[in-house]
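Taken in order, these protein sequences are the chains called Z and D. Here the first sequence stands for residues 2 to 115, numbered as in this note's numbering. Here the second sequence stands for residues 26 to 140, numbered as in this note's numbering.
Do not rely on the hints blindly, as some may be mistaken.
Not everything, but these chain D residues come out facing chain Z in the computed CB check (under 10 angstroms) [claimed, not checked]: (1) PHE60; (2) PRO66; (3) THR112; (4) MET114; (5) PHE116.
Covered stretches of chain Z, going by a simulated chain D footprint (3 or more residues, C-beta under 8 angstroms) [unchecked claim]: (6) 14-25; (7) 89-96.
Just so you know, these hints were derived from the structure itself, not from any lab. Glycine residues also receive a C-beta, built at the ideal position from the N, C-alpha and C atoms.
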Amino acid sequence: ETGVTQSPTHLIKTRGQQVTLRCSSQSGHNTVSWYQQALGQGPQFIFQYYREEENGRGNFPPRFSGLQFPNYSSELNVNALELDDSALYLCASSQSSGTGDEQFFGPGTRLTVL
Amino acid sequence: AQTVTQSQPEMSVQEAETVTLSCTYDTSESNYYLFWYKQPPSRQMILVIRQEAYKQQNATENRFSVNFQKAAKSFSLKISDSQLGDTAMYFCACLNAGNNRKLIWGLGTSLAVNP
Numbered sequence: 002e003t004g005v006t007q008s009p010t011h012l013i014k015t016r017g018q019q020v021t022l023r024c025s026s027q028s029g030h031n032t033v034s035w036y037q038q039a040l041g042q043g044p045q046f047i048f049q050y051y052r053e054e055e056n057g058r059g060n061f062p063p064r065f066s067g068l069q070f071p072n073y074s075s076e077l078n079v080n081a082l083e084l085d086d087s088a089l090y091l092c093a094s095s096q097s098s099g100t101g102d103e104q105f106f107g108p109g110t111r112l113t114v115l
Numbered sequence: 026a027q028t029v030t031q032s033q034p035e036m037s038v039q040e041a042e043t044v045t046l047s048c049t050y051d052t053s054e055s056n057y058y059l060f061w062y063k064q065p066p067s068r069q070m071i072l073v074i075r076q077e078a079y080k081q082q083n084a085t086e087n088r089f090s091v092n093f094q095k096a097a098k099s100f101s102l103k104i105s106d107s108q109l110g111d112t113a114m115y116f117c118a119c120l121n122a123g124n125n126r127k128l129i130w131g132l133g134t135s136l137a138v139n140p
């Protein structure tokens with residue numbers, strides 16, 4: 002059974018650029034959630050995708066957008082990058098959108114915005 | 026607004042001893058779930074233990090157990106027989122069972138297990 006994978010591991014961008022982060026969910030999982038974890042902070046919920054549709058969103062501006070594909074992998078896109086977007090971005094997959102289901106996390110993508 | 030508070034930024038414990046990490050939360054929902062996650066230095070987040078709010082019995086997972094006090098909105102984690110591999114950041118999190126599927130996290134507690 003393959004776990005949750007994320008790419009790339011590290012990324013450096015400059016202000017104003019756009020970035021796409023990728024996540025492959027664990028086999029059999031149809032739900033993907035994305036989180037932003039700033040240094041020394043707890044994760045902040047960005048949004049969740051269930052069967053290719055957005056299924057909940059946190060307090061992030063519209064320049065944070067996402068996609069989920071038929072194979073349940075997912076992308077997080079961030080436009081017009083700002084310095085404060087520098088963080089670890091975590092992806093988690095789960096078996097359904099049931100609220101108590103365990104979320105399995107990937108290793109994260111470390112984004113640095115200069 | 027839903028909040029999770031972890032009041033202990035750092036803690037340490039000797040190997041084989043017991044340590045308790047504190048967490049309080051606030052939610053207006055009647056049905057919700059509570060979690061403790063562990064994030065080792067390698068940074069991959071791992072679920073430690075889960076508690077359904079409607080269950081009175083405290084959850085246990087081997088050396089890990091919780092003290093869930095619903096009226097006080099308290100959800101502490103007890104680690105027994107601490108091991109060096111327990112060294113990590115520990116996050117408490119709360120998930121409402123309604124349509125709003127945000128998992129709200131505390132700031133974390135950094136636990137060091139010393140030999």
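To see whether the hints hold, each was checked on the structure:
1. PHE60: Given a least distance of 8 angstroms, the restraint on PHE60 (chain D) holds.
2. PRO66: With Cβ-Cβ at 12 angstroms, over 10 angstroms, it is violated.
3. THR112: Hint on THR112 (chain D): violated, closest Cβ of chain Z at ~17 angstroms, above 10 angstroms.
4. MET114: holds (9 angstroms)
5. PHE116: With a minimum Cβ separation of about 5 angstroms from chain Z (threshold 10 angstroms), the hint on PHE116 (chain D) holds.
6. 14-25: It is violated, with 0 qualifying residues against the three required.
7. 89-96: It holds, with 3 qualifying residues against the three required.
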